[in-house]
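Guided by the hints, dock chain D onto chain X, whose structure is given.
Number of protein chains: 2
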Amino acid sequence: MVTPEAHPVLRTAAEAALIAYRDARAGYGRAELAEYVADGADGTPTMRIDVLVESAILAAIEGSAANALSEETGFVDRGSPVTLVMDPLDGSANAAAGVPLTAFAGAIAVDGEFTEGLVVWLDTGRSWWASRGRPTGLRTSGRTALDGAAVSLLRPRFDVPGAAGAWRAVAERAGRVRILSTSCLEAALVADGSTDAFADAASDTHRLVDIAASVVLAEAAGGAVRDVWDRPIVCDTDLTRRWSGIVAASPALADEIAETLRSEAGLPVL
Amino acid sequence: MVTPEAHPVLRTAAEAALIAYRDARAGYGRAELAEYVADGADGTPTMRIDVLVESAILAAIEGSAANALSEETGFVDRGSPVTLVMDPLDGSANAAAGVPLTAFAGAIAVDGEFTEGLVVWLDTGRSWWASRGRPTGLRTSGRTALDGAAVSLLRPRFDVPGAAGAWRAVAERAGRVRILSTSCLEAALVADGSTDAFADAASDTHRLVDIAASVVLAEAAGGAVRDVWDRPIVCDTDLTRRWSGIVAASPALADEIAETLRSEAGLPVL
Chain X
1 MVTPEAHPVL RTAAEAALIA YRDARAGYGR AELAEYVADG ADGTPTMRID VLVESAILAA
61 IEGSAANALS EETGFVDRGS PVTLVMDPLD GSANAAAGVP LTAFAGAIAV DGEFTEGLVV
121 WLDTGRSWWA SRGRPTGLRT SGRTALDGAA VSLLRPRFDV PGAAGAWRAV AERAGRVRIL
181 STSCLEAALV ADGSTDAFAD AASDTHRLVD IAASVVLAEA AGGAVRDVWD RPIVCDTDLT
241 RRWSGIVAAS PALADEIAET LRSEAGLPVL
Chain D
1 MVTPEAHPVL RTAAEAALIA YRDARAGYGR AELAEYVADG ADGTPTMRID VLVESAILAA
61 IEGSAANALS EETGFVDRGS PVTLVMDPLD GSANAAAGVP LTAFAGAIAV DGEFTEGLVV
121 WLDTGRSWWA SRGRPTGLRT SGRTALDGAA VSLLRPRFDV PGAAGAWRAV AERAGRVRIL
181 STSCLEAALV ADGSTDAFAD AASDTHRLVD IAASVVLAEA AGGAVRDVWD RPIVCDTDLT
241 RRWSGIVAAS PALADEIAET LRSEAGLPVL
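One line per chain: the protein sequences are X and D, in this order.
Take 1 as the starting number for the first sequence in my numbering and just add one per residue.
Take 1 as the starting number for the second sequence in my numbering and just add one per residue.
One chain only, chain X, in its complex shape (with noise of 0.2 Å):
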């Protein structure tokens, strides 16, 4: 369950998405969720399942006075101080075929700073919140040395200059690795001290609403985000801007993941 502490807009989107899920996975077969459907505000294409989603928790959130920024119709201004940036569907490949690793990942910003995160494993309802400036249970490993590391990535990406090596450079020293596609709810295993890290090995894959409940969560818990290339991640209603994210048990740790993968993506990929 999502915990009654988190703000109502928060927790409204977080229920309306879980109920979204459970319906669209019952009622429709994997093609016709995964089928393409519509281009996002990041300009890309969007499926089915992911609108399903969306649209189910913007209805939920109507009434509210925050402001919402989401992955597929980008920002819905209402005037407010207070916006919701949210990945209503994170995992969708997963959601779309049934492999049970999805999330929902919303944090609040106030007057564009991020003040809580919130990440909701669809597939089990299990949830990991935090508010800035509130004492947290959630504890990172606390690592600061790659070697050795468990690290979690993104999938290699052979068609970006660059990034294989950079993937391969990681995966070569880190003690495990795992690809799980579900970007939040690996960073909210690195906030909980079950994995010591994940990252987009240079890709800039990610985009503010894949990555800004992550650092609300690790950065309560003692943990670290960062961009491969030292972009700050800020509130921005632009979706086309991209990230290469890096959740890390310690700042050391983030240090270190994104000067590896900076000097690797440099070279020309092995």
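Please note that the accuracy of each hint is not assured.
[Stated by the list, open to error] Pairwise CB distance ranges, derived in the manner of DEER restraints: (1) D:132 - X:175: 34 to 40 Å; (2) D:26 - X:266: 45 to 51 Å; (3) X:19 - D:32: 37 to 43 Å; (4) X:32 - D:23: 37 to 43 Å; (5) X:19 - D:81: 47 to 53 Å.
No lab work stands behind these hints, which were simulated from the structure alone.
Just so we're clear, the structure is a prediction, and the values are computed from it rather than from any experiment.
Built from N, CA and C at the ideal position, the CB exists for glycine as well.
Coordinates of chain D only, in the frame set by chain X:
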């Protein structure tokens, strides 16, 4: 829940695994669970959490007439034609760390022929079961070609000659790549059509206990299991034997993945 149709020793073992896993996670810290406390029957070190789960299962099935072949203990010979071949805790590293992707996997062999397979996702209780010659609700995706397929892989091994190049050859052609770090759960997702294939990319990591249940599940669902080097996957009590297993949605896809891995693994690592 495990289906009541399953062989009693398989059901008893799975139910003991569910309880022992929950108790181990609740009763010990991560470092304690991950501590290497013994050497398994295959010669590799064993974590405390593996010992806890396997001991609980062996105690639960002590009254059974069936033989047991298990990861750590090896072969318990009761002179029966029936043998339970099991991995008590697939995804040990996930289990110790708290990544909720762990499984019990068991197969029944009668006179050396596999007749039943069962995988239980220990974090949720969800299970996949099939029995040879009986109808099953499991159905693979039916996919026949590697290009664009959703493929799960063991992590790339940079220390095994040829293995990293083989890994890359498959990853580069696949449409999706995942590393969930739990072979049996990944194979179950092939059997139910959520992913198209799972493979050990020529690293010879798989032992019989890692693939026995998958053979029954995948074949009952219309899929196929192969070894990269075409070694037959036979019931053998020698757990030092290794395979590079491939579980695929169709015989054609299994063959294509085997061929791709084989031809790359012979070349120097890229």
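Could you see if the CB distance from residue 19 of chain X to residue 32 of chain D stays within 37 to 43 Å?
39 Å, holds
If I claimed the Cβ atoms of residue 32 of chain X and residue 23 of chain D lie 37 to 43 Å apart, would that claim hold in this structure?
41 Å, holds
With 34 to 40 Å as the target window, see if residue 132 of chain D and residue 175 of chain X comply at their CB atoms.
Cβ of residue 132 of chain D to Cβ of residue 175 of chain X: about 39 Å, so the range 34 to 40 Å holds.
Verdict for residue 19 of chain X, residue 81 of chain D (Cβ pair) under range 47 to 53 Å:
50 Å, holds
When you take the CB atoms of residue 26 of chain D and residue 266 of chain X, is the distance between them in 45 to 51 Å?
Holds - the Cβ-Cβ distance for residue 26 of chain D and residue 266 of chain X, about 47 Å, lies within 45 to 51 Å.
Violation of the numbered hints given earlier is absent; every hint is satisfied by the structure.
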